[in-house]
Amino acid sequence: DSGVTQTPKHLITATGQRVTLRCSPRSGDLSVYWYQQSLDQGLQFLIQYYNGEERAKGNILERFSAQQFPDLHSELNLSSLELGDSALYFCASSADGGRTDTQYFGPGTRLTVL
Amino acid sequence: KNEVEQSPQNLTAQEGEFITINCSYSVGISALHWLQQHPGGGIVSLFMLSSGKKKHGRLIATINIQEKHSSLHITASHPRDSAVYICAVPPPYGGSQGNLIFGKGTKLSVKP
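Read top to bottom, the protein sequences are chains A and H. The first sequence maps to residues 10 to 123 in our numbering. The second sequence maps to residues -14 to 97 in our numbering.
If you're looking for bench data, these hints aren't it; they were derived computationally from the structure. Just so you know, these numbers come straight off a predicted model, no measurement behind them. Worth double-checking, as some hints may not be accurate.
[As the list claims (entries may be wrong)] Derived contacts from chain A toward chain H, CB cut-off under 7 Å, selection only:
(1) Ala104
(2) Gly107
(3) Arg108
[As the list claims (entries may be wrong)] Cross-link-like lysine-lysine pairs, in silico, DSSO-like; alpha carbons within 27 Å at most:
(4) H/Lys40 to A/Lys66
(5) A/Lys18 to H/Lys89
(6) A/Lys18 to H/Lys92
(7) A/Lys66 to A/Lys18
(8) H/Lys96 to A/Lys66
(9) H/Lys38 to H/Lys53
(10) H/Lys96 to H/Lys40
(11) H/Lys53 to H/Lys40
We put the beta carbon where it would ideally sit given N, CA and C, even for glycine.
One chain only, chain H, in its complex shape:
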């Protein structure tokens, strides 16, 4: 079973701050997902990455496969970034299954 650990669990930031959320997993994977869950409950896929770094607007995701670690960075944070950020990985066994194992999420609150 792949264990997914996120830190911190809760994060409060001031608008404009640089934010980092971390994710570690126990077993090698083919890809890692970062998801965003808004206060209303909806889930949006932010990134899927298997190596290196990806950038979308003010969001940057990095992954180190050897260290089994990924980070999600938010530059120039804004109150609308307030959400729960969830890291997810596929299961460690082989085969074609694409289901995900989720971390417990990091609740981010950005104050104006």
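Looking at chain A on its own, in the form it has when it is part of the complex:
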């Protein structure tokens, strides 16, 4: 158990809908990362937060947004969902978000868009 929790584990929804994925980092970790893993693209970085502020942005679509709250949990919002958004979404956390930090991954949320 990494100490990172993600909810829900599974999510099935329809095209055009909006969903929210939630992540709670390990106790004491200030940085949260969101990654997407699809069959054709592999693991890709979406966005990183550190202590409530956005630190780095990757291949995150404009239809997607995220935030990190004062209690350090984070939410990833996916809107106007398309079939191609079906993927595993991982949250990870690290102590201070630096380049040599170990990242601890949550169990992931499997999103299926029908």
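Go by the hints and put chain H onto chain A.
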């Protein structure tokens, strides 16, 4: 952009065999990560290393910074080692970002 190449893509071994998975990257880095993804999907961080060698149980990771190459070795492999092994590096630009760029992974299957 840092390109991360892993080989082989797929690997089948007999229980007890010594296994090597390779990772090459194109731009100098501060640290390299090896991750393990189980068939159920969960990802576990195995190693983070910036030089030399690290060992944890039957797993050994080495890195050659000059050659931009890392290897993950598994000694006395066991069917429970069956998983996808992923190499990851931080982006090449400066700054404090810690996000990762991933290789495509090596799918290991160890037969009893």
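Here is what the structure says about each hint:
Because the beta carbon of A/Ala104 sits about 10 Å from the nearest beta carbon in chain H, more than 7 Å, this interface hint is broken. A cut of 7 Å between beta carbons decides the hint on A/Gly107: the least distance to chain H is about 5 Å, and the hint holds. The interface hint given for A/Arg108 is met, as the beta carbon of that residue sits about 4 Å from the closest beta carbon of chain H, less than 7 Å. About 33 Å separates the Cα atoms of H/Lys40 and A/Lys66, which puts this hinted pair outside 27 Å; it is violated.
For the hint pairing A/Lys18 with H/Lys89, the CA-to-CA distance comes to about 24 Å; that is within 27 Å, so the pair holds. Under the criterion of a C-alpha separation no larger than 27 Å, the hint pairing A/Lys18 with H/Lys92 is consistent with the structure, at around 24 Å. Distance restraint check for A/Lys66 and A/Lys18: the Cα-Cα separation of roughly 24 Å lies within the 27 Å cut-off, and the hinted pair is therefore satisfied. For the hint pairing H/Lys96 with A/Lys66, the CA-to-CA distance comes to about 41 Å; that exceeds 27 Å, so the pair is violated.
A C-alpha spacing of about 14 Å is found between H/Lys38 and H/Lys53, which places the hinted pair at or below 27 Å, so the restraint holds. Of the pairs offered as hints, the one joining H/Lys96 and H/Lys40 holds, with about 24 Å between alpha carbons and a cut-off of 27 Å not exceeded. Of the supplied pair hints, the one linking H/Lys53 and H/Lys40 holds, its CA atoms being roughly 20 Å apart against a limit of 27 Å.
When held up to the earlier numbered hints, the structure conflicts with 1, 4 and 8 and fits the remainder.
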